[in-house]
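**Student:** If you want the building blocks of each chain, they are given just below.
There are 2 protein chains.
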Amino acid sequence: MSTVDQLDQDTPAAEVDRRLDAAGAAAPEWGRWAPRSRAEALDAVADALDAGATDLVAAAMTETGLPEARLTGEVKRTTVQLRMFAGVLRDGSYLRIVIDRSDPGFALGTKPDLRRWLVPLGPVLVFAASNFPFAFSVAGGDTAAALAAGCPVLLKAHPGHPGTSRLTADIVRSALRHTGAPEGTFDLITGQEAGVRALRDPRVTAAAFTGSVAGGRALFDIASSRKSPIPFYGELGSVNPAVVTAEAAHERGQQIAEGFVASFTLGAGQFCTKPGVLLLPRGTDLSEHVAELADGVPPARMLTAGIAQRYRERLGELVNVPGVKVLLNGREHADQSGVPAVSPTLFHAGSVHNLHEHREVLLEENFGPSAVIAEYTVDDDLAGILEAVGGSLTVTVQTSSRPEESERARLSELLQLAARCSGRVVFNEWPTGVAVTAAQHHGGPYPATTAVLHTSVGTAAIERFLRPVTYQNAPDALLPRALQDANPLGLPRTVNEPGDSFRADP
Amino acid sequence: MSTVDQLDQDTPAAEVDRRLDAAGAAAPEWGRWAPRSRAEALDAVADALDAGATDLVAAAMTETGLPEARLTGEVKRTTVQLRMFAGVLRDGSYLRIVIDRSDPGFALGTKPDLRRWLVPLGPVLVFAASNFPFAFSVAGGDTAAALAAGCPVLLKAHPGHPGTSRLTADIVRSALRHTGAPEGTFDLITGQEAGVRALRDPRVTAAAFTGSVAGGRALFDIASSRKSPIPFYGELGSVNPAVVTAEAAHERGQQIAEGFVASFTLGAGQFCTKPGVLLLPRGTDLSEHVAELADGVPPARMLTAGIAQRYRERLGELVNVPGVKVLLNGREHADQSGVPAVSPTLFHAGSVHNLHEHREVLLEENFGPSAVIAEYTVDDDLAGILEAVGGSLTVTVQTSSRPEESERARLSELLQLAARCSGRVVFNEWPTGVAVTAAQHHGGPYPATTAVLHTSVGTAAIERFLRPVTYQNAPDALLPRALQDANPLGLPRTVNEPGDSFRADP
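Residue numbers (my numbering), protein chains in the order written: chain A, 1 to 506; chain B, 507 to 1012.
Because the hints were derived from the structure by calculation, they are not lab data.
In this text the structure is predicted, and so the values were computed from the model without any measurement.
For glycine and all other residues, C-beta sits at the position ideal for the given N, C-alpha and C.
Be a bit skeptical, because a hint or two may be false.
Covered by chain A, according to a simulated footprint, are these stretches of chain B (three or more residues, beta-carbon under 8 Å) [to be verified]:
#, region
1, 598-610
2, 809-821
3, 872-878
4, 941-950
5, 975-986
Pairwise CB distance ranges (calculated) [stated by the list, open to error]:
#, chain 1, residue 1, chain 2, residue 2, range
6, B, Gln760, A, Thr110, 18 to 24 Å
7, A, Asp485, B, Glu521, 37 to 43 Å
8, A, Glu29, B, Gly829, 32 to 38 Å
9, B, Ala720, A, Gly338, 50 to 56 Å
10, B, Asn979, A, Pro492, 26 to 32 Å
11, A, Glu15, B, Arg706, 37 to 43 Å
12, B, Arg706, A, His250, 42 to 48 Å
13, A, Pro12, B, Arg706, 37 to 43 Å
14, B, Ala613, A, Pro492, 22 to 28 Å
15, A, Ala69, B, Val702, 50 to 56 Å
16, B, Lys733, A, Arg226, 17 to 23 Å
So, partial list: chain B residues that the calculated Cβ filter (under 7 Å) puts toward chain A [as the list claims (entries may be wrong)]:
#, residue
17, Ala613
18, Val932
19, Arg999
20, Asn1002
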């Protein structure tokens, strides 16, 4: 039994229960901390991770084979995320406080004094991802958002990097302890059975997940069929189609080919935003350029043997689709880690008509460095392809830099459908590399996610772990401080005076 | 076969499909209307309902037996709601537009230009409620919120008032048609099978429901087990416990007894916010006062024979619980409608210990004019009762008008639990009568609702039918107008300049 296997043994049931007890006990106190105090705690966690970055990166290099620069950047992203949520807490508008003062002249009779804000849900179960050992793992975006909201986090580690997970968890727990956060605010469990046990537990009030459609859907079904169903924020599979207009191909074909290859092979194609389908105007030689460039990309180690195996199986399905040609056949190397390294594979599906006909196989995510190209003519139904995709994190559109009226008119329907089937429409850039900002949206209709209203990247991710509570006609001394007349926490609030009845909260 | 039965025949499957086609076809256009144009359409619907109020009230009186004043008030509430959402649309901040300008100096490398707003989900299926033939029915809060968001609505009528439903639907359709809204923006279907067929249809992107736990859970399960699961906003059952402090009982016992009786018998107890459990300090004679006052409440007709039957069965369960005494035995009268009229029934469960022991029966909603009283001593575990309730729309607390330190200290834990198990904490008023405002929250943990983050009353109800889309690096001419640099729609927007990276969106 290898070290990895030992580290990934299931947390025993009694121990899972003990950690759930602790999370449940921590929830009221952690949730009651003033936002600025939780901001300090998040900053302390970020500082501790920065201080431990060298060890963390070394551990992750050993376990994942990912390059040092990538992992160093990912630790940075992780601490930036934590500090960004600290900023959200200091700003305070995330609480969306609205105070409607009593209004005896309201159209439907006297309106009572009502004060609404958002409160934390309670303990959150986070399933870590395989492909981001830091930024979507133990101290990643879901954990940062839930802790910021005031929810204790029980983290189910990913088996792909168990040692890195434990090291990170030790740093997080220790930093939180030093800030005075209650025991149980953060803990780790390992193993699939332990994760499912926790997901079924009534103390868990929400869960977040990043991973495959099959795994995510199975967990969503458990969350939804509980006696008390809970929100399940699953970020599952995504095809991320990219469309190139004739004008764009003419203007900068080579640059587009380079950008596409760099994007679909980044991280050995193991990103949820990998552009998996490229739609090119017929009559260019762009697909050959793409194949040539991809042929120059060296093999890169996959994240786990299991992911490599599934990737191999999917390649086998794709190659057997009628009308599909292999433009580039990826190579596979084994090293001493036992996890293969692979170079890119590229398919040509022929026409978009053929792509649509075999959409069940061709328009499904393949996690790894492969992509499918199809070619369209002006009369072809590109919108139909987007409809067939159903739900995607992103749609990419490569246009000319200054689209003229004719190009704009042709794009009109396509862009409307892009917004309907995805959460982010990218122009003249590529979808990999998801900026962590207020305006980011990393989500989309199923199967991109199981919760179409929400994002798992950016500041809006905090909304997933908050729910409204309204106080009606409360004596001031019995209100939470955030809602008291004197506003002792100095929070931003919308106050509607009598007569403002139709004003919306911000 | 009665008129009611004929009107409630299932809409044939082919006709359900045709209406879903129409809703699907209407979605892009209705969703593209500028918010101010949709505001005008909602105002037009409100005007048309006001103009038809006399006929509507007459139809509902015949079908439901509810009194004229109540129904007239409810039509008013319905049109106020529609106009309130028109106000939300004119304000525009509901779109929560955030623009992050490109930032080459961002900590994680150049940040692209990102612009986020909210877009309508698509066709929404609304299941009308039994107990509000207008305000939670055809043109009720769910319909108003979904139409405001830009979603076509397919309304599954409640069998308790089918004629009123058709009359309302004709008015809504006709008013929308006059504003130029696309055909299919609103339509009606009838019958349970038709509703389930629509819920399973891939064109439906969300559903809203107000009704029983059993019915709501069955529909939630269907929505969650679809190939593409959709949000299901169910407002189900609620016990709405009320606690009276010793100080409050001493200060104004009689007033509290009067308020409680008026609230739990309002509308024959058929409100989702009916206070179903009253916790009194031991050693007062408040329970006798309550029973005396309730004895003076005349029988009121139930909404439907089915609801009356279920109510009768629940009374039978309650009376058989060990330690439960009947303080007041309700009478039942039949009139020519075939739907019985009932007077209030009141149970005394003894101690809160006994209430807790038999919580499976005693702490479950009974839809109708009954309530359960229990008495507590200072040492009793009131918080345990709230924990046993699990999820409730409201918790009511009757305190002295100026609570002193000792009363506040005793309430502290109880109030924290009240906020954890409910969506609205009511002080020194009663939970029935839900104000329609920005700060209102009509929701709560399961089984109060199936979607703990959301409200079905107040302006925030629109959020249920909107999802984010972000545009990255888009040429200005290809952006939706709402996101273009010149802001041609004049919408409120948060703009983050380079360096503002940690600022939250509002």
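**Student:** Each of the hints needs a verdict: does it hold here or not?
**Tutor:** For each hint, the structure was consulted:
no.: 1; hint: 598-610; result: holds (count 5)
no.: 2; hint: 809-821; result: violated (count 0)
no.: 3; hint: 872-878; result: violated (count 0)
no.: 4; hint: 941-950; result: holds (count 8)
no.: 5; hint: 975-986; result: holds (count 10)
no.: 6; hint: Gln760/B with Thr110/A: 18 to 24 Å; result: 22 Å, holds
no.: 7; hint: Asp485/A with Glu521/B: 37 to 43 Å; result: 56 Å, violated
no.: 8; hint: Glu29/A with Gly829/B: 32 to 38 Å; result: 36 Å, holds
no.: 9; hint: Ala720/B with Gly338/A: 50 to 56 Å; result: 53 Å, holds
no.: 10; hint: Asn979/B with Pro492/A: 26 to 32 Å; result: 30 Å, holds
no.: 11; hint: Glu15/A with Arg706/B: 37 to 43 Å; result: 41 Å, holds
no.: 12; hint: Arg706/B with His250/A: 42 to 48 Å; result: 46 Å, holds
no.: 13; hint: Pro12/A with Arg706/B: 37 to 43 Å; result: 41 Å, holds
no.: 14; hint: Ala613/B with Pro492/A: 22 to 28 Å; result: 25 Å, holds
no.: 15; hint: Ala69/A with Val702/B: 50 to 56 Å; result: 54 Å, holds
no.: 16; hint: Lys733/B with Arg226/A: 17 to 23 Å; result: 21 Å, holds
no.: 17; hint: Ala613; result: 5 Å, holds
no.: 18; hint: Val932; result: 4 Å, holds
no.: 19; hint: Arg999; result: 10 Å, violated
no.: 20; hint: Asn1002; result: 6 Å, holds
Of the numbered hints listed earlier, those contradicted by the structure are 2, 3, 7 and 19.
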